[in-house]
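Asks: Read off the chains here:
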Amino acid sequence: MSEAYSRPTTGHVPVLRLGDVLLVTLQGDLHDSTAQQLQQDLSETISRTGVRGVLIDISGVEIVDSFLGRVLAEIAAQSRLLAARTVVAGMRPAVAITLVELGLTLPGLSTALSTEAGMELLARQAPVTRPGGPRQESP
Amino acid sequence: MPEHEADGQLATPTHEVRDFLHRRREQIAQRWADEPLFRTVFTVSRDEAVEAGKVVVDALAQVADSDQVEDPDAAGFSEVREQLSRMGAARSRAGLSNTQVSSELAALRPPVENLLAADLEQAPPEHLRACSTTLTVLMGTLRLVAMQSALSEWQALSDRQRMQLLEVATPVIRLWDGIVAVPLIGTLDSARSQVVMETLLNAVVDQHARFAILDITGVPTVDSLVAQHLMKTVAAARLMGAQCIVSGIRPAIAQTIVHLGLDLDVITRASLADALGYALHELGADIVNPGAGQR
Amino acid sequence: MHTAAGVEACLPIRSDMDLVWVRQHVRQAAARLGFGLVEQTKLVTAASELARNTLVHGGGGQMEARHVSSGATQGLRLAFSDEGPGIADLDQALSDGYTSGGGLGMGLSGARRLVHEFDIESTPGAGTTVRVTCWAAQPPRPREEV
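Residue numbers (the working numbering), protein chains in the order written: chain A, 1 to 139; chain B, 140 to 434; chain C, 435 to 580.
Watch out, some of these pointers could steer you wrong.
For each label pair, taking beta carbons as the anchor points, the in silico distance ranges come out as [unchecked claim]:
hint: 1; chain 1: B; residue 1: T272; chain 2: C; residue 2: H550; range: 21 to 29 angstroms
hint: 2; chain 1: A; residue 1: P14; chain 2: B; residue 2: R301; range: 41 to 49 angstroms
hint: 3; chain 1: B; residue 1: S329; chain 2: C; residue 2: S449; range: 35 to 43 angstroms
hint: 4; chain 1: B; residue 1: A424; chain 2: A; residue 2: L18; range: 25 to 33 angstroms
hint: 5; chain 1: A; residue 1: R80; chain 2: B; residue 2: S329; range: 33 to 41 angstroms
hint: 6; chain 1: A; residue 1: Q37; chain 2: C; residue 2: G493; range: 21 to 29 angstroms
hint: 7; chain 1: C; residue 1: L524; chain 2: A; residue 2: L18; range: 47 to 55 angstroms
hint: 8; chain 1: B; residue 1: A391; chain 2: C; residue 2: A465; range: 55 to 63 angstroms
hint: 9; chain 1: B; residue 1: A330; chain 2: A; residue 2: P107; range: 45 to 53 angstroms
hint: 10; chain 1: B; residue 1: R301; chain 2: A; residue 2: L18; range: 47 to 55 angstroms
hint: 11; chain 1: B; residue 1: D404; chain 2: C; residue 2: R547; range: 19 to 27 angstroms
Some chain B residues flagged as far from chain C (calculated, every beta-carbon gap over 12 angstroms) [stated by the list, open to error]:
hint: 12; residue: H161
hint: 13; residue: Q287
hint: 14; residue: E292
hint: 15; residue: A393
No lab work stands behind these hints, which were simulated from the structure alone.
Quick reminder that beta carbons are idealized off the backbone N, C-alpha and C, glycines included.
Extracted from the complex, chain A is given alone in its bound form (with noise of 0.2 angstroms):
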């Protein structure tokens, strides 16, 4: 292959902690095994922190077809059941239009204009209460 072709990213996606948040930035052109494991990665961390929010910055993503969509809808749904609140950042308006072009407007998923403004949204949030009260820290 040609050396223009930009690095595809593979293997683990590094997922930060900044306090009661997940952020996690993607990057370029998604291997679909990266974005599933992204997906187990964060379920296992939501549950073993007991963080409250998710933030996926997806700015430098220049497409997002149905399995990526997908996964964001999945990542969302679980963290939720897992009582965390999901934001996607920052899609470029070209990647929105395609989306809706294609047929997948994502109810389910909150939406940011920034990684700031996503921060904000999940700051804003009442902090969830959780069944069963207070977390223990897995073993």
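Got chain A; can you put chains B and C on it based on the hints?
Replies: Here is chains B and C on its own, set in the frame of chain A:
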């Protein structure tokens, strides 16, 4: 001319035409310079028109030399293509229709034919006829090439103008910190709504706008297609993290929307002012009328 | 004038990794042919959907990219072919929400909405070929020339 009489062998019609074009280059260009097509395009000097004419004659001779008189893609034409399209475009800018430009191009043929007939006066009639036919075909191909080039030029021009018109018709206004608006005026077809969507979404990014107002006061009718375009814009803005408000829905349009059974799942306000008020309130910047509090 | 160099290619679709190459090739080819950003994104997304179909449902295959032109308009034609089980009911496969795999059921019908021309041929038992064409229809916008 003496050559073919001398050895009793007649040149093929295409080569006869080629030799004739080389020989009469100057005279043909001089006559063309007086034709409306050249005269009106090269207004600065007649010499310029003559020079342009010579370039075209050379191209024709080259095409005849390669025996491709019927082929608009012959290599010889590539040199003159640009020049011909410029001439065609200049005439159309002057207000001439395609038909008029085409007949001006056709008018280039008779002077050349007359010259050929004079040159071959001594030749056998069937040879003259064959050469005339070849010349006619060659001039017909030239006309085709010229019309092709001119048409693609016009097409490009009209595309550019259409895009400019679309852009001009879609101004995005920054109403407040974090609030942009597009007043839509006129019919929303699918090309136009594409531009509206792109322009608005780019403005949302550039202005960090959390609210985007689509004002449809100036849109005469909302059918299901227009409603669909509006909904796509609203959905795309939401994916980016901005909220769309559709304002300026006139009573008649509200009725149509209900009649069509369309579910506009979007925040709507009667007027642009109401929409701005809503967005400001959401941003935490309420407008207070100081007079009202004293009553 | 746009050059066809680096546009025409035939890429294998055998693994997840190949989907990435397909997307990157289509993006570069579309950019080279003068596609606007939105058109590029739409075509790359459609290519991603179709290549994934070829991989998941067709058991692998290939994508062929060709440069086409109509008058002064440049276009890109992509053909995705596999020798898989084929599609028995094309109408059903092309409808929104229909899925035989684990997707959202938007692959084929969604990809169709993202391109200008869409054509599908499928013989049960012999394979499927999907051809799509996108045109760089919009002339360069003055704003982008600044």
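Asks: Does the beta carbon distance between B:S329 and C:S449 stay inside 35 to 43 angstroms, or does it fall outside?
Replies: holds (38 angstroms)
Asks: Is B:A393 truly not at the interface, in the sense that its beta carbon sits beyond 12 angstroms from all beta carbons of chain C?
Replies: holds (29 angstroms)
Asks: Would you assess whether B:Q287, listed as outside the interface, keeps its beta-carbon beyond 12 angstroms of every beta-carbon in chain C?
Replies: Non-interface label on B:Q287 violated, nearest chain C Cβ at 9 angstroms vs cutoff 12 angstroms.
Asks: Looking only at beta-carbon atoms, does the pair B:A330, A:P107 fall within the given range of 45 to 53 angstroms?
Replies: violated (28 angstroms)
Asks: Within 47 to 55 angstroms or not, the Cβ separation of C:L524 and A:L18?
Replies: holds (49 angstroms)
Asks: Assuming the hint says 33 to 41 angstroms, is it satisfied by the Cβ distance from A:R80 to B:S329 or not?
Replies: holds (37 angstroms)
Asks: If you check the beta carbons of B:A424 and A:L18, does the distance land in 25 to 33 angstroms?
Replies: holds (28 angstroms)
Asks: Given a hinted range of 21 to 29 angstroms, is it respected by the beta-carbon distance of A:Q37 and C:G493?
Replies: Once the Cβ atoms are compared, 24 angstroms apart, the range 21 to 29 angstroms for C:G493 and A:Q37 holds.
Asks: Any Cβ of chain C at or closer than 12 angstroms to B:H161, or is the non-interface label fine?
Replies: The claim stands: B:H161 keeps its Cβ more than 12 angstroms from every Cβ of chain C (closest is about 32 angstroms).
Asks: Would you say the C-beta atoms of B:R301 and A:L18 sit inside 47 to 55 angstroms of each other?
Replies: This hint holds: roughly 48 angstroms between Cβ atoms.
Asks: Do the beta carbons of B:D404 and C:R547 sit within 19 to 27 angstroms of each other?
Replies: Distance hint for B:D404, C:R547 holds at roughly 20 angstroms.
Asks: Falls inside 21 to 29 angstroms, the C-beta gap from B:T272 to C:H550?
Replies: violated (44 angstroms)
Hints 1, 8, 9, 13, 14 from the list above are not met by this structure, while the remaining hints are.
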